[in-house]
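Read off the chains here:
4 protein chains.
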Amino acid sequence: MAGNTFGQLFKVTTFGESHGKALGGIIDGCPSGITLDFDAIQAELDRRKPGQSKIVTQRKEPDSVEFFSGIFEGKTTGTPIGFAIHNTNQKSKDYSHIKDSYRPSHADYVYDKKYGFRDYRGGGRSSARETVSRVVAGAIAKQMLPEIKINAFVSQVGELKLDKSYEDLDFSKIESNPVRCPDPEMAAQMEEYIKAIKKEGDTIGGVISCVAKNVPIGLGEPVFDKLHAELGKAMLSINAVKGFEYGSGFQGVTMKGSAHNDSFNSDGTTKTNKSGGVQGGISNGMDIYFNVAFKPVATVLQGYETIDKDGNKVKTQGKGRHDPCVVPRAVPIVEAMTALVLADYTLLAKTNKI
Amino acid sequence: MAGNTFGQLFKVTTFGESHGKALGGIIDGCPSGITLDFDAIQAELDRRKPGQSKIVTQRKEPDSVEFFSGIFEGKTTGTPIGFAIHNTNQKSKDYSHIKDSYRPSHADYVYDKKYGFRDYRGGGRSSARETVSRVVAGAIAKQMLPEIKINAFVSQVGELKLDKSYEDLDFSKIESNPVRCPDPEMAAQMEEYIKAIKKEGDTIGGVISCVAKNVPIGLGEPVFDKLHAELGKAMLSINAVKGFEYGSGFQGVTMKGSAHNDSFNSDGTTKTNKSGGVQGGISNGMDIYFNVAFKPVATVLQGYETIDKDGNKVKTQGKGRHDPCVVPRAVPIVEAMTALVLADYTLLAKTNKI
Amino acid sequence: MAGNTFGQLFKVTTFGESHGKALGGIIDGCPSGITLDFDAIQAELDRRKPGQSKIVTQRKEPDSVEFFSGIFEGKTTGTPIGFAIHNTNQKSKDYSHIKDSYRPSHADYVYDKKYGFRDYRGGGRSSARETVSRVVAGAIAKQMLPEIKINAFVSQVGELKLDKSYEDLDFSKIESNPVRCPDPEMAAQMEEYIKAIKKEGDTIGGVISCVAKNVPIGLGEPVFDKLHAELGKAMLSINAVKGFEYGSGFQGVTMKGSAHNDSFNSDGTTKTNKSGGVQGGISNGMDIYFNVAFKPVATVLQGYETIDKDGNKVKTQGKGRHDPCVVPRAVPIVEAMTALVLADYTLLAKTNKI
Amino acid sequence: MAGNTFGQLFKVTTFGESHGKALGGIIDGCPSGITLDFDAIQAELDRRKPGQSKIVTQRKEPDSVEFFSGIFEGKTTGTPIGFAIHNTNQKSKDYSHIKDSYRPSHADYVYDKKYGFRDYRGGGRSSARETVSRVVAGAIAKQMLPEIKINAFVSQVGELKLDKSYEDLDFSKIESNPVRCPDPEMAAQMEEYIKAIKKEGDTIGGVISCVAKNVPIGLGEPVFDKLHAELGKAMLSINAVKGFEYGSGFQGVTMKGSAHNDSFNSDGTTKTNKSGGVQGGISNGMDIYFNVAFKPVATVLQGYETIDKDGNKVKTQGKGRHDPCVVPRAVPIVEAMTALVLADYTLLAKTNKI
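Residue numbers (this note's numbering), protein chains in the order written: chain P, 1 to 354; chain V, 1001 to 1354; chain S, 2001 to 2354; chain C, 3001 to 3354.
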């Protein structure tokens, strides 16, 4: 119950600190018989990897995964898949300045209060480096569900907002630019903006949108484990996320029911999709789409005043190699968590009828 | 895993259909020794009850709870608390029109697909009537945490939005009007608007904001079970919810890190609270606040075209007694779910240190 | 986690104290589409009911079950099945003598220490009356698995031991006598013995054997949730149980591997079945069989000395209407718990392969 | 739910196959602040290690553990402890003979049926090699509970049975002989017997007894998660275990209640302890003691006939390096599982009272 497990049947438990020996996890409940594409797994890790472009952190981590178990002759065996990503580039000295003081809007203070002390190196367990394990697990979940297509992309950076329906976007262009925005023009603007922010030593927030197509009807467990509730939790569990909305979302509150309702076609599909592919917590076969809000990264490379363990004021400065904007690298993480939810709920749905 | 349980240590499992014999649940894991205030429990049920004002559904349900177990001489015993709310006003005939057809943006269609058939009376299990059990459990959770003060209120109805910080509101006025908006002037506007919407036979969405004060430092289980992730799931599990944001939320994405960070005071409190009382998924002792978006109720009292089980087009009309706007009655539900999360995480936090 | 839930996918949570208003539970995860035979459910309750013969407690409880939800037009809907057995014959005065003192080998003392106080009436939550809810749930689990045949029977009472292989017994005779021993001669001896014990105001232990036939191959989740491990936990969770063995059991320790191994037939069945139908924690299609040891009931109708809450010695006497030997009435409980395990593991096994 | 996790709050998930790259696991929920004694952890692994004496398998595995996370400056941090034991001596060729045939009384056949195929090398996931991870986790659990003293020992090998109360044994002698029987005379007999069995190419079963002293009052979660039920499941989850009994066990069934009851002393202790330290599923502060029955190892180094995947009869012969009797090496495993249950239930008990 200590919170390091996600999923009920397709269960992922992760371990690892930012600057420890290794991060990794165990996937328990992955069905047997899935032929794994290891290159595809690595490709997902590469999308999340630091140092991949000029607008992300310049740390260098190969982020290659070692599998220990649960795979035999290239296929999943149904037994737990243990894996690790070994840390190779641990510049602990970068973080000595936070050993005894608390960075604002980080988890330093609350970890100390909750656990009595903390591994302060690079944020320890609270670092977004933990998500490397999620990406591995999500890549396997994707391979369990080959029909489902999940695409996340950056739809907003600061005030720069992509005001188009996802249906008017060309997802094949997502990976064509470092921002991971499928609109090239907007992507270019966002990239320039992030570079300017970086130059200031500052950071900026953003929004990731995600669309899952070909999700079968019937995923979702009422009443508490509604599909969108689990998706929401999955997204909110990602570092720096402040909000989640699906379908009509916060905009939907201003609509009248007569305008908001999605009329049926004869085949059970709906003419509109303000429901966002989920009704009563259960997938209805339409596209699932949602938005995830990320705050600006808390580490700014500017001087600031904060407190130490004894409550004394100290002056310090952000150091290290950090992302000026987290959303480009968070795209594969959003996809991974989406895949984990869908894999889990696919297994759950196998048990609904006699 | 069928989704009817919420919480890990303070665990609530609910049962019941809209028009079945009874709804109810079991609270397992409630600590022993809590002297229960039964009037306070009933008061919460009354806040959620149909028929309480002109802007809510006019169904008449006494919604009184019968406790079966887990309480002895007025105190919780540490054993499971079984309870039921008996249905007394089951107008099944109101719903005969949906027996063989699917209402748009309801769960009728997906339940049939998922389970093979459904209890169609009043929406069956997918009805928001299920939340009556949550309110009972939440009322007990509140009593387990007497120091924590949870206040939810309506902050938006349609386009009518309360643009004030919660700190400038007088929570004692929330219950002074049927909308449950603490600003009397805005409340009056909202009430008029809902009445007009009702007259049209239409419905409208809204936002509920919630503030939890005096939450101790250290609640929240990284990495997947972050406090705000569980709060988000709790809210998204409520019928008609489309979005959740906490702290700076979706607005926060437009901010720079230097402006968004919450500087510390010497005592560990922060000068600002864009974090919304949670950092790294763990409560930091500041106020927790969040917004919950509700779509307009799908049942509109107007004629519409839809399909039947065989995909034939049918013309039908919304019937029954429904809420034109769900947020006034959802206020106690939001509070209840908040209390359940905080009770559960309070128990979890007892096990962090040796 | 407070221990009142059994199962992972076919999940039963029970509530209720011996002398409270009602006992009952929620079955969550029962698949939809099972046509329930309510008479068969009541028949199981009748097998467990007090007052059914001269060798069991003479309390009178109708033990009829009220279903609240999860059933529509006679079939399970896939939503939670809430139910209650209302207490109608609460002779609380029978138990006033234990309000302030602790009965030896009962749970009175530990409940007080664990929870701070207790519902002392009839043992409260620690009473075997709780198992009435298990029998309801087990009866539904049996109906989910119509091919599997589960038969439990009394194989030992005190020193009177049925030294026959279960294969030489006629299970149709189990219900032909009040002891529920399928060997009529031994049954008669056991019955006389129990009557004699009862006359003494004393109690005696016994063993229940159970056989499950037609269990499909592949139930069981290695490594911790082996099928027999879960069966063992299920049995050990029944009041008064002190031991569990399956297959060759404790006798098997004296055998050599060459003699203990079960050779295969060409069709995958085995020539012998010392494995007890489970290999490596997974069912192999052979009969599953096991023994469950029950201690003598702790309540003896004789004077004895014990202590009160303050540690003072007090003299008291067993009162009330108690079973001189628990095993005849525990037969349906053993079957119910077996059915619950098999139903749960049947659902789990649906998710093993892609 | 795939069965590779044990515990609810002190949760251990293991991974690894007999001849895979590594075995290991994640301990999630270990409280922060425990100063770990790494030598003590290795010492437990050494007690379980192959090759430690002439009566156990002669495989050579160093079995040293690498910790990846959750430990900082020698202390647990409250975050998940990831660890691996790397396989260094993988003689896969030893097992080629079982690639296409099924060894009797092993898990080969059921794994193939359940998962479609299997990692056949050394039994894959069904090998007792998996328990190496349990020993690591159990060693840490022991260190979390320094007051509790857990001692397991061999009390029976074949027909050679130690007929003494555990109170008359000197636990300091357990490690003085390779059998791990605290009675030197009986230990010598057992050792000779196992050597003779080994010479025959055969195997023999045995019983391990275990005693836990200084367990505080109040551990155990009624009704399904009784302390002894969880202990029973823990033991039954160990490879080759066929039975579990605690306190008076199977012997207790022959006793009368008047003789079986444990009378109280004024301080709440009991004059006798037939309850085995647990009443109503909750520890009462007396010694907890139980017996665990192990069948003879299925791999006998003799020729035998079995079937292949297509049901054809094949003649084959046991190969490899196997234990003639599993109990000497299983002693630390029994202790580890006991420690895991007690650690988990210690955390659970922190949440019982307000």
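I should point out that these hints are in silico values taken from the structure, not numbers from a laboratory. Ideal placement from N, C-alpha and C gives every residue a C-beta, glycine not left out. It cannot be assumed that every hint is accurate.
As the list claims (entries may be wrong) - Quick list of simulated restraints, FRET-style, between CB atoms:
(1) V/1188 - P/265: 41 to 47 Å
(2) C/3184 - S/2173: 47 to 53 Å
(3) V/1312 - P/43: 33 to 39 Å
(4) S/2267 - C/3161: 48 to 54 Å
(5) S/2060 - P/263: 57 to 63 Å
(6) C/3161 - V/1147: 44 to 50 Å
(7) P/43 - C/3053: 29 to 35 Å
Said to hold, decoys possible - Covered stretches of chain C, as calculated for chain V (at least 3 residues, CB under 8 Å):
(8) 3020-3033
(9) 3109-3121
Said to hold, decoys possible - Below, in silico cross-link-like pairs of lysine to aspartate or glutamate (DMTMM-like), each with a Cα-Cα straight-line distance of 25 Å or less:
(10) S/2353 - C/3100
(11) V/1309 - S/2073
(12) C/3060 - C/3192
(13) V/1149 - V/1305
(14) P/113 - V/1310
(15) V/1164 - V/1192
(16) P/353 - V/1192
(17) C/3353 - S/2310
(18) C/3161 - C/3287
(19) S/2256 - C/3287
(20) V/1113 - V/1100
(21) V/1113 - S/2073
(22) S/2195 - S/2159
(23) V/1256 - P/167
(24) V/1350 - P/200
(25) V/1274 - P/175
(26) C/3198 - C/3159
Hint-by-hint comparison with the structure:
For the hinted restraint 41 to 47 Å between residue 1188 of chain V and residue 265 of chain P, the CB-CB distance of approximately 42 Å keeps it satisfied. Take residue 3184 of chain C and residue 2173 of chain S: their Cβ atoms lie about 51 Å apart, and the range 47 to 53 Å holds. Under the hint 33 to 39 Å, the C-beta atoms of residue 1312 of chain V and residue 43 of chain P, about 47 Å apart, miss the expected range. About 39 Å separates the C-beta atoms of residue 2267 of chain S and residue 3161 of chain C, a value inconsistent with the hinted range of 48 to 54 Å.
At roughly 59 Å, the beta carbons of residue 2060 of chain S and residue 263 of chain P sit within the given window of 57 to 63 Å. Checked against the hint of 44 to 50 Å, the pair residue 3161 of chain C and residue 1147 of chain V fails, with Cβ atoms roughly 59 Å apart. Checked against the given bound of 29 to 35 Å, the beta carbons of residue 43 of chain P and residue 3053 of chain C, roughly 50 Å apart, lie outside it. Interface restraint, the region 3020-3033 of chain C with chain V: holds (4 residues with C-beta to C-beta distance below 8 Å; minimum three).
Coverage of the region 3109-3121 of chain C by chain V is violated. Counting CB-CB distances below 8 Å, 0 residues qualify, and the rule asks for three or more. The suggested pairing of residue 2353 of chain S with residue 3100 of chain C holds, with an alpha-carbon distance near 20 Å, which does not exceed 25 Å. For a cut-off of 25 Å, the pair hint linking residue 1309 of chain V to residue 2073 of chain S stands: about 18 Å separates their Cα positions. With a C-alpha separation of about 23 Å, the suggested pair residue 3060 of chain C and residue 3192 of chain C falls inside the 25 Å cut-off, and the hint holds.
Simply put, residue 1149 of chain V and residue 1305 of chain V have alpha-carbon atoms about 46 Å apart, too far for the 25 Å limit, and the pair is violated. Taking the CA atoms of residue 113 of chain P and residue 1310 of chain V, the gap is about 60 Å. The hint is violated against a cut of 25 Å. Of the supplied pair hints, the one linking residue 1164 of chain V and residue 1192 of chain V holds, its CA atoms being roughly 20 Å apart against a limit of 25 Å. Between residue 353 of chain P and residue 1192 of chain V the alpha-carbon distance is near 47 Å, which puts this suggested pair outside the 25 Å criterion.
Of the pairs offered as hints, the one joining residue 3353 of chain C and residue 2310 of chain S holds, with about 20 Å between alpha carbons and a cut-off of 25 Å not exceeded. At roughly 22 Å between alpha-carbon atoms, residue 3161 of chain C and residue 3287 of chain C fall within 25 Å of each other, so this suggested pair holds. Straight-line distance between C-alpha atoms of residue 2256 of chain S and residue 3287 of chain C comes to about 33 Å, which puts the hinted pair past the 25 Å bound. A C-alpha spacing of about 13 Å is found between residue 1113 of chain V and residue 1100 of chain V, which places the hinted pair at or below 25 Å, so the restraint holds.
Restraint check: the Cα-Cα separation between residue 1113 of chain V and residue 2073 of chain S comes to about 18 Å, which is no more than 25 Å; the hinted pair holds. With a C-alpha separation of about 15 Å, the suggested pairing of residue 2195 of chain S with residue 2159 of chain S holds against the 25 Å cut-off. Distance check on the hinted pair: residue 1256 of chain V and residue 167 of chain P sit about 30 Å apart at the alpha-carbon level, beyond 25 Å; violated. With a CA separation close to 43 Å, the supplied pair residue 1350 of chain V and residue 200 of chain P exceeds the 25 Å bound.
Restraint check for residue 1274 of chain V and residue 175 of chain P: not satisfied, since their Cα atoms lie roughly 32 Å apart, outside the 25 Å limit. About 16 Å separates the Cα atoms of residue 3198 of chain C and residue 3159 of chain C, which keeps this hinted pair within 25 Å; it holds.
This entry does not satisfy hints 3, 4, 6, 7, 9, 13, 14, 16, 19, 23, 24 and 25, going by the numbered hints stated previously.
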